[in-house]
Structures are given as C-alpha cells and as structure tokens.
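One line per chain: the protein sequences are A and B, in this order.
So the first sequence is numbered by the numbering used here: it starts at 8 and just counts up by one.
So the second sequence is numbered by the numbering used here: it starts at 93 and just counts up by one.
Each hint should be verified, as a subset may be incorrect.
[What the hints assert, rightly or not] Which chain A residues stay away from chain B? Per the calculated CB distances, all over 12 Å, these:
hint : residue
1    : Ala21
2    : Glu123
3    : Gly131
[Stated by the list, open to error] Pulled from the structure, derived: some chain A residues nowhere near chain B, Cβ distances all over 10 Å:
hint : residue
4    : Trp36
5    : Arg49
6    : Tyr67
7    : Ser72
8    : Glu95
9    : Thr98
10   : Arg112
11   : Phe144
12   : Val145
13   : Arg146
[Claimed, not checked] Incomplete in silico selection of chain B near chain A, CB under 10 Å:
hint : residue
14   : Leu126
15   : Arg156
16   : Trp189
17   : Phe222
18   : Glu230
19   : Leu241
20   : Arg247
Hints are computed from structural coordinates only; laboratory data are not their basis.
In this text, a Cβ means the ideal position worked out from N, Cα and C, and glycines have one as well.
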Amino acid sequence: MERLARARLLVGTAAEGEALVSPEPLSFWGGYDHLTGEIIDRRHPLTGARAAGRILALPYARGSSTTTAVLLEAVRAGTAPAAILTTEADTFFALASIVAEEMYRKPFAVGVVESEGFARLRTGQWLRLEDDGTIYFVR
Amino acid sequence: MSLTLDDHDRALLDGEAGPASQQAMRILTRMGELFGAESMIDISRAHIDSSIYLGLAGLEFAERLADQGAKVAVPTTLNVSGLDEHGWQAWSVPPDWAENARRQMAAYVRMGCLPTWTCAPYQTEHAPSFGEQIAWGESNAIVYANSVLGARTERYPDFLDTCAALTGRVPAYGLHLEANRAGEILFPLTGLPEPLQHEDALYPVLGFFIGGAAGDRVPVIDGMETRPTDDQLKALGAAAASSGNVGLFHWVGVTPEASTREAAFHGRPPASTIMVSMDELRRAREHLVTARGGELDMVVLGSPHFSLNEFRALAPLLEGERRHPRVEFLVTTSRAAAHLARQAGLLDSFEAFGGRLTVDTCILASPMLPSNIRRLMTNSGKYAYYAPGMLNAEVAFGSLADCVRSAIEGRVVVDEALWNA
C-alpha cells in the first residue's frame with residue numbers, strides 16, 4: 008500500500024472507502040440529499056455523485072449553518088460519508104461528527120490534509136485512513 | 093495553550109445544572125479544544141438555526157434536550173422552522189412532515205426560546221448592538237450581525253448554536269476575536285454606473301461574486317458613491333454567505349469596522365486584490381440564472397425574510413395591477429414584519445394583486461410548493477442560488493420591478509439596460 012498523505016484527525020477514527028474529491032467547497036444544506044447521500048448542488052462539480060460511505064475530500068464547508076443538521080440526518084439514515092477530509096480545519100464538519108457521536112455513538116472521521124497531500128487525492132481511489140491519520144492508497 | 097475553564101463552566105461540565113447543559117458544555121469545550129480557544133466567554137444572546145425541521149435526527153436532538161428540562165441561559169431567537177405554523181394547510185406540505193416540524197418548534201419553545209421564526213432576526217427588536225458578543229446560527233444572519241451591526245459572532249453551525257444558548261458560554265475563537273476580524277482580500281469596485289449602484293438587483297449579484305471569490309477569507313469592498321440601504325446590505329451578505337463562506341465583510345465608509353481602508357485591514361496590506369467591474373458582475377449574474385425567458389410558474393420574494401421597508405417598496409408597484417392567473421406571487425416573511433405591514437396598510441394592494449404570504453418558514457425550508465412549480469423568478473440571490481438543487485426548479489433573477497412585471501405578464505421579463513451600460 009502506498010502512503011499518499013497524512014491527515015490531522017479532528018474527530019472519529021479509521022475509515023476506508025472510495026475517494027470523492029473536489030477543489031470546490033460544498034454546502035450540505037441545498038447540496039446533499041440526506042435520504043440518498045447524493046450531491047445535489049447543480050453548480051457543484053460533484054453534482055449527481057453519491058457520497059454515502061465514501062471518503063469525501065473538499066477544501067471546507069460552504070455557506071449554510073444547516074450543513075451540520077443535514078449531516079446528522081445522513082448519519083442517522085446511514086447515508087453519510089465514511090470520512091470527510093478538508094484542507095482547512097472546518098468547524099462545521101467537526102461539530103457534525105461530535106454531535107453524531109453524542110446522539111448516536113456514530114462519529115465519522117474528520118481530518119485536515121495539507122494541500123500537497125490533498126492534491127494527490129483523486130476521485131475513484133480506494134483509500135484507507137488510519138487512526139494516526141496516515142492515508143494509504145489501497146487500489 | 094489549552095482551554096481554561098472557569099468554575100461555572102466546570103460545574104456545568106460536571107452536570108450540576110442537569111444533563112442538557114452538561115452535554116452542551118461538553119460539546120462546546122470539545123470544539124474549543126479542537127480549534128485552539130484559550131478560554132470561554134459570555135454571550136449576551138443567541139439565535140438558533142437548528143429550528144429548521146429536516147428529519148428525525150434534528151427532532152430527536154431538540155426533544156431529547158427539552159425532555160431533560162433544558163432552558164436557554166440568554167435571550168434566544170429562533171430561525172425559520174419547517175412550517176408556516178398556522179398557514180401550512182394552504183400549500184402542499186405533507187401532514188406527517190407538518191406534525192414533526194410542529195413538534196420541533198414546540199421543543200425549542202419549551203426550552204424558553206422566543207418564537208420569532210425568522211432568518212432576519214437583525215430586523216427585529218432583538219438585534220444586537222455594536223461590540224456585543226453573541227452566538228448566532230443562520231449564515232445570512234451571521235454575516236449581517238458581524239458586518240453591518242458590528243456584533244461579534246463566530247459562524248455557528250446548527251446544534252452548536254443551541255449549546256451556546258443553553259450555557260450562555262462559547263469558546264473564544266474565530267470571529268469573536270478582534271484579530272480574526274481583519275480584512276484579507278480587497279474588492280475595488282470600478283466603473284459601476286451610478287443608476288446600477290442604486291438598484292437593489294446589484295447587491296445579490298455583487299454578493300454572489302464576492303462570496304465565490306473570497307471563499308473563507310474576509311472581503312473588503314471599496315469604491316461606491318452611494319450608501320447602500322440596510323436591505324441591500326442584507327441581500328449582499330445573504331448571497332455572499334451562500335456562494336462562499338463569508339461570515340464577515342467590510343465595506344469602506346459603510347460598515348462600522350471599516351471607517352477607512354486601513355481600519356478594515358487592521359493597518360496591514362491586503363493579501364490579494366480582486367477588481368470588480370461590469371464584466372465580473374455580468375458573468376456572476378449569468379451564473380445565478382438557470383431559466384432564460386419563457387413562461388413562469390411563480391414569483392417568490394423574501395429570502396432573507398421580507399422586511400417592512402421591502403413591503404413599502406413593493407406596495408406601489410402592485411397598485412391597480414393583477415398577477416397573471418398562472419403565476420403564484422409569494423412573499424416569505426416573519427410574523428412580525430407581516431403584522432407591521434398589515435397595520436401600515438401595505439398589504440391592501442398586495443392582496444388585490446393576488447399575492448400570498450407565508451410566515452415562519454420559506455420555500456427552501458418547507459416542502460410547501462406543489463410539484464407543478466418548475467420555473468421560479470426571484471430578486472433574492474439566496475433563493476436563486478439554492479432553488480435549482482433543492483427544488484429541482486429553474487430560476488430567473490431580476491429586480492423587484494422585473495419580478496412584478498414578470499408576474500403580470502406571466503413570463504420572465506428583465507430590464508437588461510441596467511446591466512449593459
């Protein structure tokens with residue numbers, strides 16, 4: 008397995024899944040259907056993609072305060088990403104995972120990746136995020 | 093440095109005031125530690141965005157707290173809910189959704205929150221003053237409180253706003269701190285024709301552009317001959333907080349922390365400069381619109397919620413006119429603004445025109461629109477930004493006068509002259 012990047016894990020633990028990567032920030036309110044896990048912001052490059060169970064990599068959360076509420080609904084419905092990686096430490100994603108842990112004992116991993124590492128992430132890569140934040144390219 | 097707690101914080105964390113404030117303080121201190129806060133500070137008021145009903149998780153969060161006897165520690169206003177509490181039956185809201193949304197509203201009222209149900213709390217008597225430390229959710233309210241009023245709130249996500257309200261305490265980080273309020277990117281306005289500077293339709297487009305270009309950095313606007321109105325600043329902030337992450341902007345000579353360019357940047361040079369000319373604005377406007385011409389199903393105004401002054405601007409445009417029979421003409425607003433508008437006689441021409449009002453919520457927060465509404469027109473950058481994804485509808489954007497003219501004619505009519513100057 009190739010070591011691809013290193014994340015500073017803010018919340019949650021190890022995760023594994025197919026990467027879904029965009030340089031565009033995303034508001035989950037108006038941008039993420041928590042019933043299906045699909046990205047629905049028609050102006051976003053990932054529109055139409057399903058992020059449920061995947062490792063979603065975005066620079067940060069855009070816009071609406073309701074992003075965290077959409078994510079909590081997604082955790083409850085089983086349609087949340089397995090992990091969210093950002094380039095900036097993002098209070099919205101971290102808070103959503105902390106509340107998911109408080110409410111349902113189901114935090115998702117939230118990590119910050121420096122921009123060189125982020126640039127090596129590609130949609131479709133199968134990634135493993137370890138407890139220590141190391142991100143491996145599996146296949 | 094680690095997070096220092098005072099005796100009261102520790103007492104809450106130990107559960108001395110009950111399980112609800114214990115959980116709230118646990119979440120707040122965890123956020124403070126993660127994001128480098130050195131201490132907790134008092135807030136004087138809160139605005140809770142978590143009142144919007146999305147599904148069972150948000151409802152469970154609210155009811156669990158209310159059932160534990162949670163009570164807010166500071167005066168707390170409520171954002172829109174998922175429901176026009178007394179008017180939802182006139183629309184297509186499913187009854188089971190209505191019941192859950194109503195329960196969520198009741199849970200926040202049980203916690204002692206004020207039933208304001210508005211995304212424009214800064215246009216009520218609960219607006220904060222300059223320098224006040226507050227904890228507000230709702231992106232457009234955050235940007236208005238910070239930028240136009242000079243109050244200090246971090247960008248509160250849903251649930252953290254509730255935690256702040258229940259404890260009256262927040263981690264000292266982000267936009268609560270003077271050092272993080274400095275401007276970072278300069279946006280000089282060049283060659284904007286004066287008639288356009290007076291036109292409401294400029295402000296959502298300018299906000300949409302600046303939000304997208306600024307991302308999560310603090311923008312500073314400079315160069316304008318006229319002073320924008322409060323409603324124009326509200327429209328700009330709402331659009332900037334939709335297309336970007338803007339929680340604070342400065343406008344030299346307009347907003348209270350930007351008496352000069354130097355003051356806006358705290359004496360440092362801008363990290364970067366992005367010129368704003370008509371070319372950028374025309375492109376931003378193009379990007380905001382997904383419906384070009386054609387028959388209309390609905391005109392919708394009021395995101396953020398329509399103010400008394402906006403009703404005042406609308407009323408004379410409707411005098412003696414009548415909407416096209418196919419076109420719904422909807423204004424979304426707060427109970428308070430609707431009440432004031434009625435008392436001021438501003439709803440007479442509105443009702444004769446065939447207009448309808450929805451309070452407490454909006455078309456994005458409540459599943460109220462029938463499925464045959466496929467093409468909308470609005471003067472709101474926020475509605476225009478979110479409607480295509482959330483409502484699966486096409487959206488046209490125009491000035492208030494364009495919107496009224498289009499409702500009368502039943503098709504999209506936009507005065508292009510303003511933008512082609």
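Here is what the structure says about each hint:
The Cβ of alanine 21/A lies farther than 12 Å from every Cβ of chain B, with a closest approach of about 19 Å, so its non-interface assignment holds. Glutamate 123/A, annotated as away from the interface, keeps every beta carbon of chain B farther than 12 Å; the closest lies near 19 Å. The Cβ of glycine 131/A sits about 24 Å from the closest Cβ of chain B, beyond the 12 Å cut-off, so the non-interface label holds. Not every C-beta of chain B lies more than 10 Å from that of tryptophan 36/A, the closest at about 8 Å, which undercuts listing it as non-interface.
For arginine 49/A, the shortest C-beta to C-beta distance to chain B comes to about 4 Å, within the 10 Å cut-off, and the non-interface label is violated. The Cβ of tyrosine 67/A does not lie farther than 10 Å from every Cβ of chain B; its closest approach is about 6 Å, which violates its non-interface assignment. With a least CB separation of 4 Å from chain B, serine 72/A falls inside the 10 Å interface cut-off, contrary to its annotation. With a minimum CB-CB distance of about 6 Å to chain B, glutamate 95/A fails to clear the 10 Å threshold, and the non-interface call is violated.
Not every CB of chain B is more than 10 Å from the CB of threonine 98/A (nearest about 6 Å), against its label as outside the interface. No beta-carbon of chain B is positioned within 10 Å of the beta-carbon of arginine 112/A; the least distance is around 13 Å. The non-interface label for phenylalanine 144/A is consistent with chain B: the shortest C-beta to C-beta separation is roughly 27 Å, beyond 10 Å. A cut-off of 10 Å between C-beta atoms confirms that valine 145/A is not in contact with chain B; the least separation is 28 Å.
Consistency note on arginine 146/A: stated as away from chain B, and its beta-carbon is indeed over 10 Å from all of that chain's, at 32 Å minimum. At about 5 Å, the closest approach between the beta carbon of leucine 126/B and any beta carbon in chain A falls short of 10 Å, and the interface hint on this residue holds. Because the closest C-beta pair between arginine 156/B and chain A is about 8 Å apart, less than 10 Å, the hint holds. At a threshold of 10 Å, the smallest CB-CB gap from tryptophan 189/B to chain A is about 13 Å, leaving the interface hint violated.
Violation of the interface hint for phenylalanine 222/B is found here, the shortest Cβ-Cβ separation to chain A being roughly 23 Å, above the 10 Å cut-off. With 10 Å as the threshold, the beta carbon of glutamate 230/B comes within range of chain A, its nearest partner Cβ sitting at about 6 Å, so the hint holds. The criterion of a C-beta within 10 Å of any C-beta in chain A is not met by leucine 241/B, whose closest approach is roughly 18 Å, and the hint is violated. A hinted interface residue such as arginine 247/B counts as satisfied when its beta carbon comes closer than 10 Å to some beta carbon of chain A; here the least separation is about 7 Å, so the hint holds.
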